[in-house]
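> Residue-level listing of the chains:
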Amino acid sequence: MSEIAVPNRKSSSLAMLTHMLRIRRMEEAAAEWYGAGKIRGYLHLYIGEEAVAAGAIPCFGEQDDVVATYREHGHALVRGVPMNSIMAEMFGKASGCSHGRGGSMHLFDASRRFYGGNAIVGGGLPLAVGLALAAHMQGEARVAACFFGEGAVAEGAFHESMNLAALWKLPVLFCCENNLYAMGTALERSESQTDLCAKAESYKMPALRADGMDVVSVREGTLQALSRVREGAGPVFVEYRTYRFRAHSMFDPELYRDRQEVEDWKRRGPIHTFSARLKAEQGLTEQEFLALDARVMAEVAAAVAFAEAAPFEPVSTLAHNVVAEDGP
Amino acid sequence: MKTNYREALRMALREALASDPRVFLMGEDVGRYGGSYAVSKGLLDEFGPERVRDTPLSELGFVGAGVGAALGGMRPIVEIMTVNFSLLAMDQIVNGAATLRHMSGGQLHVPLVIRMATGAGRQLAAQHSHSFEGWYAHVPGLRVLAPATLSDARGMLAPALACPDPVILFEHVRLYNLEGELEDDPDAWRCDIRSAAVRRVGDAVTLVAYGGSLLRAMEAAEQLSDEGIEAEVIDLRVLRPLDVAPLLDSVHKTHRAVVVDEGWKSGSLSAEIVARLMEGAFYDLDAPVARVCSEEVPMPYALPLEEAVLPQPAKIVTAVKELMGRK
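Just so you know, the protein sequences line up as chains V and C, in that order. The numbering of the first sequence is our numbering, which starts it at 547 and goes up by one. The numbering of the second sequence is our numbering, which starts it at 80 and goes up by one.
Hints listed in this document are in silico derivations from the structure and should not be mistaken for laboratory results. Among these hints, one or two may not hold up.
As the list claims (entries may be wrong) - Derived list of chain V stretches under chain C, where covered just means 3 residues or more per stretch with a C-beta under 8 Å from a C-beta of chain C:
hint	stretch
1	617 to 629
2	664 to 678
Claimed, not checked - What follows is a set of in silico ranges between Cβ atoms, one per label pair, in the way DEER data are often shown:
hint	chain 1	residue 1	chain 2	residue 2	range
3	V	Leu801	C	Asp322	49 to 57 Å
4	V	Pro799	C	Gly359	45 to 53 Å
5	V	Glu747	C	Asp99	36 to 44 Å
6	C	Gly200	V	Ser657	44 to 52 Å
7	V	Lys556	C	Ala97	39 to 47 Å
8	V	Glu777	C	Asp99	44 to 52 Å
9	V	Pro857	C	Pro320	25 to 33 Å
Unchecked claim - Residues from chain C that face chain V, not an exhaustive set, calculated with beta carbons under 10 Å:
hint	residue
10	Leu150
11	Ala177
12	Gly185
13	Pro320
Quick reminder that beta carbons are idealized off the backbone N, C-alpha and C, glycines included.
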């Protein structure tokens with residue numbers, strides 16, 4: 547799908563570029579502050595895969611539901627969760643989007659219908675099916691968009707959810723981010739059938755592929771799939787072929803893949819290829835690009851300062867929000 | 080009116096479906112088949128396939144869909160055929176439903192009701208007969224109920240649906256055919272889902288039970304009464320959060336307690352009750368708290384063996400007498 551033209555409105559192209567840069571710069575800062583000991587736990591970076599969230603998520607409306615995984619900083623950011631509250635959450639602070647109870651892996655924002663932040667592989671898929679079931683039963687037009695990695699297709703939850711959504715013709719968009727490795731296990735080392743779209747088709751679910759390194763391809767593929775879901779015929783599966791440039795988490799020595807492979811994929815990096823295209827086709831100047839990057843860097847610096855300055859939730863609130871405070 | 084436990088459950092389901100359009104029932108064979116224990120028989124005809132949904136055999140999938148539907152503004156009632164099958168869905172219950180409120184800093188809540196059959200007594204062997212209530216009662220974020228009477232079978236569903244938290248309702252298989260009188264006046268069975276209940280008043284010993292074990296404890300209490308020992312019987316009703324005060328009050332009076340639980344002893348709900356009594360009533364006790372639980376084997380099929388596993392009334396009577404130094 548890489549033949550599709552860049553949208554001719556420069557502003558929307560810039561929006562996609564901005565989304566990708568914001569994710570990239572925010573995560574680079576997160577890695578730095580992880581090294582400094584301010585962010586702890588697991589930190590799964592999305593660097594390299596930015597085109598997927600940046601291309602897909604703006605396609606959804608405010609009414610739609612978005613479910614993601616533990617590698618969800620980018621999804622949250624593009625969905626509109628403020629960078630300050632994402633960074634504060636990674637720092638574990640009270641002004642974080644989950645009040646410091648979730649951390650990097652569990653970003654939530656109910657007001658933006660962003661349902662996290664699920665760190666059990668495949669665990670978000672049944673949730674998305676249920677959200678879509680609710681929409682269907684309420685007669686509302688919203689779609690549940692569910693992001694997950696290709697590692698999830700080995701889980702029973704994937705198959706049960708695909709079947710249920712297809713059987714009941716529910717408005718789910720299954721967004722599979724295929725970055726080729728489930729932690730350290732390559733797709734061909736874990737699946738007898740490596741054609742992911744074939745799995746969807748076995749549930750009689752329409753499936754299509756998009757180039758996950760190309761934000762335009764992602765956007766076009768997502769819009770096409772989304773319009774089919776909105777027609778009411780049931781769920782659609784999209785495979786985004788992408789690649790994670792960084793380690794799985796901060797503890798990963800990357801013994802399972804070749805350095806050359808990583809370098810080869812980096813040459814297809816979604817930010818520099820798209821900015822080059824905008825320069826060639828839409829007259830983006832280097833100066834404009836640098837100015838944009840500087841604005842993003844300033845936003846990131848402000849988010850880090852905000853997160854650093856924010857307080858932790860007091861220990862006296864420890865037992866809050868386990869069950870409803872007012873009880874049954 | 081004269082009725083039974085199964086019908087009391089069905090009346091509650093019918094009322095919930097009729098009174099709130101957000102409520103729907105889903106699970107394996109709840110529709111055309113009428114429910115594997117016939118609890119939902121007739122509801123498909125009455126409410127249609129949108130609201131009484133037969134699911135594929137996908138416990139993880141449809142329980143998770145229940146969690147998602149609850150997040151999306153519905154009030155799902157999910158039926159799992161039996162507690163052994165619920166283990167296939169445990170991820171969505173324990174990692175999902177129970178954690179979302181806390182993990183999201185209070186933004187999300189999961190008003191989901193899960194009903195399931197539990198327990199032994201039908202010779203269904205080791206994959207359909209266990210009592211894992213205690214496993215769920217272990218988990219912060221869940222509320223766990225065990226209706227043991229007709230009126231709780233009729234009354235517990237409404238407050239469970241009104242509760243913004245995930246609630247698990249355990250229905251013991253031996254109770255489904257339990258017959259009795261249910262008051263026509265709703266005030267007689269309308270109930271809370273917070274408190275334990277004293278089912279029999281006595282002063283010699285406190286028997287603590289719930290679900291299917293309540294009947295056994297009551298039967299044992301009657302036998303003991305014939306011998307001049309008046310047992311007080313407490314029905315826990317709510318397994319999480321535990322309502323400990325009535326237990327402490329009772330032991331303050333009786334100075335002895337026996338916990339009856341169809342679960343195994345090791346790492347169990349009965350162990351938790353004993354610990355709470357130690358913590359709160361140690362100086363009231365005249366004897367160590369005793370337990371009558373299932374023997375620690377996977378449930379065998381053959382009738383004499385199954386009966387030997389379970390906490391039968393005779394075992395309870397013996398345990399009480401030993402506690403009181405009587406033969």
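> Now look at each hint and say whether the structure bears it out.
Structure-based check of all given hints:
Counting residues of the stretch 617 to 629 of chain V whose C-beta lies closer than 8 Å to any C-beta of chain C gives 0; at least three are required, and the coverage claim is violated. Check result for the stretch 664 to 678 of chain V against chain C: holds, 11 residues qualifying (beta carbon to beta carbon below 8 Å, three or more required). In this structure, Leu801 of chain V and Asp322 of chain C meet the distance hint of 49 to 57 Å, their C-beta atoms being roughly 53 Å apart. Between Pro799 of chain V and Gly359 of chain C the C-beta distance comes to about 51 Å, which sits within the given range of 45 to 53 Å.
For Glu747 of chain V and Asp99 of chain C, the Cβ-Cβ distance of about 39 Å falls inside the hinted range of 36 to 44 Å, so the restraint holds. The given range of 44 to 52 Å is respected by Gly200 of chain C and Ser657 of chain V, whose C-beta atoms sit roughly 49 Å from each other. A hinted range of 39 to 47 Å for the beta carbons of Lys556 of chain V and Ala97 of chain C is inconsistent with their spacing of about 57 Å. Separation of Glu777 of chain V from Asp99 of chain C is about 31 Å and departs from the stated range, judged on CB atoms against 44 to 52 Å.
The beta-carbon spacing between Pro857 of chain V and Pro320 of chain C, approximately 30 Å, falls within the hinted interval of 25 to 33 Å. Contact between Leu150 of chain C and chain V, as hinted, is supported at the beta carbon level, the nearest pair being about 6 Å apart and thus within 10 Å. The restraint placing Ala177 of chain C at the interface with chain V holds, with a minimum CB-CB distance near 9 Å, inside the 10 Å limit. The interface hint given for Gly185 of chain C holds, since its Cβ lies 4 Å from the closest Cβ of chain V, which is under the 10 Å cut-off.
Contact between Pro320 of chain C and chain V, as hinted, is supported at the beta carbon level, the nearest pair being about 8 Å apart and thus within 10 Å.
Violation of the numbered hints given earlier is confined to hints 1, 7 and 8; the remaining hints are satisfied by the structure.
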